[in-house]
Amino acid sequence: MFSDDIIVNILSWLPLKEAARMRTVCKRWHALTSEHHFLRTSFSRNTGSCIAGFFLSNILHRKFRYVPLLQSVGDSDHVITPDLSFIPSTPAVDKGQIYVSGSCSGLLICCRPIIPLGNKSKWFVCNPLTRKFVEIEVPDGITHYLFLAYDPTKSRHYKVVAFGDYDIHMYSSQTRSWRVAIHLDDRSNYPFRGLRCYHSVFWNGSLVWVVRDHLVRFLVDDEQVVQVPMPRTPAGWFCSYIGESGGHLQMIGFTEEERLTGLLDVLEMQDGSSEWSVLYRVDLRRVVEQYPGIRKTRREFPYIGLRFSRGMGRKIEYLDLWPMYVVRGTEDVLMLFSVPGKIMCYSTESRNFSTIHGREPVAPGTDTYYEFSWYDFSPYNPSLFAP
Amino acid sequence: MAAPESGDGNNGAARMVTLISSDNTRFEVEAAAASLSQTLQLTILDGGGGGGDGIPLPNVDSATLSKVLEYCIKHAPAAANGGAPNATAVDRAELERFDNEFVNIDQSVLYSLIMAAHNLEIEGLQSLVAKKVADMIKGKSPMEIRRTLGFPDPTPEEQAEMNAHMLEYGWAYE
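Protein chains in written order, with the working numbering: chain A, 10 to 396; chain B, -16 to 157.
Mixed in with the good hints there might be a few duds.
Per the computed footprint, the stretches of chain B lying under chain A, defined by three or more beta-carbons under 8 Å from a beta-carbon of chain A, are [unchecked claim]:
id, segment
1, 91 to 100
2, 107 to 121
3, 125 to 139
These are computed hints drawn from the structure, not numbers from a lab. Quick caveat: nothing in here was measured; it's all calculated off a predicted structure. Every residue gets a Cβ at the ideal spot worked out from N, C-alpha and C, and that includes glycine.
Could you put together the complete structure from these sequences and hints?
So this is what it looks like as structure tokens:
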């Protein structure tokens, strides 16, 4: 009775799980709801300006957790707690552990480590909602970290990127194979020297990393590496967050003196621009008032020659508060941040903060609680895209 | 090409166009309302549909067309404001109330309406009716959905295929 267009329009208004059930109705619906166009429409209609939740994952500290952010977006079946147990495990070598190292449009890139660490991990791209996964065989000569690049509005295929020895390697889900995308000949100008952490942000078709004094952007389709400048900043300033939300790149950075004030500027760069502008000033002074314990002191020892100097070192006062993610909604900007034992959320509209994840009781004898940082954070919105 | 008249009209009267349904009923409506249809917009911009000409719509019957126009007339002022960023909360609530009541209709009318909305490319109406049909099939089993939409009962082969898919998509039923 209805044309294909009409059926796609109707079914893409359904919550994702219900939409997937429509594949069982008849052959034609199965075909229509498996097409990329349908998956895209369904994803965009089921995805608000916020995120459904996030993974926190740190392989070195053996930490892994999923935290739902939205308790309900209309339908209760939007609240999906992903479970990664469907990914094959060899308990003898991976101890059942799994870590998420990145996410794009509902797909995750994750690994099962081989214990002891340092051995080659097993890597997977998966969709935790549909429980489909693909193992990514990592060829020799590639570092142990993979980065996912997927923009379903541009292509149904994703790319996985990894560093080689002065190379950038790229895996395509279209060919299911790796190749060298860039060979970086000029070793004295190696753009990734001073890489701060093995975590990238996927922003408008590119992967972005933080290196010592700038950002490096790899344009996945153009296979080109470009530098992105840091904002003009005072001495002692450091970048403590980059992330993507609403199609723009956000950054938070500060000096220790600035962080102590509890006033943090969220900077933003729009695509096509190379300028940073202040998106919002986040006022966390009430957090500092309420949790005075996050004001701390550490000693910094000047580094002289090959030895750290003995003696007392310099006392530095700082705030144990770390930005984790900025959500750029249409009406509200949210900032998620961690303080010891807690992950909190600040809303710029209500100017209120709330705890979204509390410390689990620390068992006696275990060491200190590990504080997650932005590079342990992978935002998640469920989708039906195939890995 | 006839010079398009201004929608606001110098003498205060809004420009009118005539639409002709498949059963030859003529509907006179403001050009601004009819222009919510992407299909009609170009013809109207070219100055068509005025005077005695009328725009024939061979795929839409008069009962459905009058319903479509009811929607267009209600939504035209907000659409003219470019999605109405400056609309008040009261205006938006009123449109929402109208929309909810508008789709509270007999299933067969709803189905004619969604086909007309797609035919005429009226985006807001397409979404409104599609959402309503989606709500109707939400929570139903595949067999119930087939019956709701008037599909014939599955052949044994189709039934076997449905059962196999039910197993494959077990996660979606949890």
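Results of checking the hints against the structure:
For the segment 91 to 100 of chain B, the assignment as covered by chain A holds, since 3 residues bring a beta-carbon within under 8 Å of that chain's beta-carbons and 3 suffice. A stretch counts as covered by a chain when three or more of its residues have a beta carbon under 8 Å from one of that chain; for the segment 107 to 121 of chain B and chain A the count is 8, and the coverage holds. For the segment 125 to 139 of chain B, the stated coverage by chain A is satisfied: 7 residues place a CB nearer than 8 Å to a CB of that chain, which reaches the threshold of 3.
Violated hints for the displayed structure: none, as all numbered hints are satisfied.
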